[in-house]
Each structure stands twice: as structure tokens, then as C-alpha cells.
Amino acid sequence: NAGVTQTPKFRVLKTGQSMTLLCAQDMNHEYMYWYRQDPGMGLRLIHYSVGEGTTAKGEVPDGYNVSRLKKQNFLLGLESAAPSQTSVYFCASSTRQGIFAGANVLTFGAGSRLTVL
Amino acid sequence: AQSVTQLGSHVSVSEGALVLLRCNYSSSVPPYLFWYVQYPNQGLQLLLKYTTGATLVKGINGFEAEFKKSETSFHLTKPSAHMSDAAEYFCAVSGTTSGTYKYIFGTGTRLKVLA
Numbered sequence: 008n009a010g011v012t013q014t015p016k017f018r019v020l021k022t023g024q025s026m027t028l029l030c031a032q033d034m035n036h037e038y039m040y041w042y043r044q045d046p047g048m049g050l051r052l053i054h055y056s057v058g059e060g061t062t063a064k065g066e067v068p069d070g071y072n073v074s075r076l077k078k079q080n081f082l083l084g085l086e087s088a089a090p091s092q093t094s095v096y097f098c099a100s101s102t103r104q105g106i107f108a109g110a111n112v113l114t115f116g117a118g119s120r121l122t123v124l
Numbered sequence: 024a025q026s027v028t029q030l031g032s033h034v035s036v037s038e039g040a041l042v043l044l045r046c047n048y049s050s051s052v053p054p055y056l057f058w059y060v061q062y063p064n065q066g067l068q069l070l071l072k073y074t075t076g077a078t079l080v081k082g083i084n085g086f087e088a089e090f091k092k093s094e095t096s097f098h099l100t101k102p103s104a105h106m107s108d109a110a111e112y113f114c115a116v117s118g119t120t121s122g123t124y125k126y127i128f129g130t131g132t133r134l135k136v137l138a
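The listed protein sequences correspond, in order, to chains A and B. Each residue of the first sequence is one higher than the one before, counting from 8 in our numbering. Each residue of the second sequence is one higher than the one before, counting from 24 in our numbering.
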């Protein structure tokens, strides 16, 4: 059981280049999230999805786009990378099932470290 | 809106000493509260969570946390620190906007365990 898989694990970009981070989960989870982690700032939500074909903005969505064409995949795109987007990106997923839906645990991927020069 | 404040970005304890990591939350509705741990170069994994009922919650690796509504706190403790506990710890609150749950994380506390 792989859980949440993120690719690539590392990437170096030049300012202005574009790239896509892929998140894949095999747990049939409805909810998926993209966070960025920066020193002293914890995890900040970029975008999230509550189901196939749906996406929504989080706290820090500017400069990013997402798509969820298949339930198991959640893509994070940077159209024109900037140095401020240097960060570690984490994908997470959770089910919406259960009486306490908001108490469902997030399952995280191992992270993707992105450096923009 | 929900928010989380973790007091102390770095905490050092001696091996065998008490671990206390502080978390205060703000929530307009009864909160769901979590502690996650992140080991170097890994993703976050759940330590424990509070949903409802018993206010003292036990988690993995000997950690526990107590939900105190009057103090809006959810501090994490462990009676005796072990070298393997060195990691970054995140407190989180789950809240709903229009029926969709989002998870808000604190800024993290890096725990160092001294031999």
C-alpha cells in the first residue's frame, strides 16, 4: 500500500520556467490538499479538492494552479516560477467518511523540494 | 475562522526529562485537534487527535495531549524524552467552511533531545 506518492522529489527551476508536481493516492480518498512548508511558517494550504473535477483556493493560491481530473491524482502547476516559490511542497489526502468527517486524519506524501533560481 | 499558535519554535530537553510542547487554538465551533510529527526529510504523520469525549488523548510513542476548552489549549506531553523523539511537531485544527473541512497548522516546534 503506497499511500500518497509525490513526484518529483527534487527539482531545480530557473525563474520563469514552468513545472507540474504530481500527487497520487491509492486509498480512494475524496479530499486532497497541497501545502507548502517554509521555515518558521509551518504548513500553508495552497489549494485543495473535495472530489474529482473540483478544486478550491487555500491560504496562498497565487502563482499556482491545480487540477483533479482523476480521483486518485492531484496536480500542482507553476506556470512561471519565482524565487519566492522555493519551498517544500506536501500533498495530503483524507476521506470524508465517518461521523466526525472533520476529524479524519491527513495522510501525507514525503514531499517535493523545489528550488527556483 | 480557526487558527493555531504554537509557543516556542525550538525546545530542548535532556533525555529522560519531561517533554511539553504548547499549542493554543482559536475556533468558533467545537474543534477537532491534532498533533503531527515530522522526522527529517519525511512527511507528517499523526501522533494523536481529539474529536470529542475524553479530554486526555493518548497517542503513539508515549505521547499524550489534554484538551482544555477553558484555556483553548491542546498541549502535548511525554513523561520521559527519548533520543528518537527529536523531530518537528505540528499542532493542527480542523474547521469547516461551507461544509468543507480544512486543516490549519501551527508553525511547528522543533524538539531537540540532549544526551
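Certain hints may be false.
Taking beta-carbon pairs under 10 angstroms as the criterion, some of the chain B residues facing chain A (in silico) [stated by the list, open to error]:
1) Ser-37
2) Leu-56
3) Gln-65
4) Tyr-73
5) His-98
6) Ser-117
7) Thr-130
If you're looking for bench data, these hints aren't it; they were derived computationally from the structure. Beta carbons are placed, not taken as given, at the ideal position from N, Cα and C, and that holds for glycine.
Taking the hints in turn, this is what the structure says about them:
Hint on Ser-37 (chain B) is violated. Least Cβ distance to chain A is approximately 25 angstroms, over the 10 angstroms limit. For the restraint placing Leu-56 (chain B) at the interface with chain A, the shortest Cβ-Cβ distance is roughly 9 angstroms, inside the 10 angstroms limit, so the hint holds. About 6 angstroms separates the beta-carbon of Gln-65 (chain B) from the nearest beta-carbon of chain A, less than 10 angstroms, and the hint is met. The criterion of a C-beta within 10 angstroms of any C-beta in chain A is met by Tyr-73 (chain B), whose closest approach is roughly 8 angstroms, and the hint holds.
A hinted interface residue such as His-98 (chain B) counts as satisfied when its beta carbon comes closer than 10 angstroms to some beta carbon of chain A; here the least separation is about 17 angstroms, so the hint is violated. Nearest Cβ of chain A to the Cβ of Ser-117 (chain B): about 4 angstroms, under the 10 angstroms cut. The hint holds. With its C-beta approaching chain A no nearer than about 4 angstroms, Thr-130 (chain B) sits inside the 10 angstroms limit, and its interface hint holds.
The structure is inconsistent with the numbered hints 1 and 5, although it conforms to all the rest.
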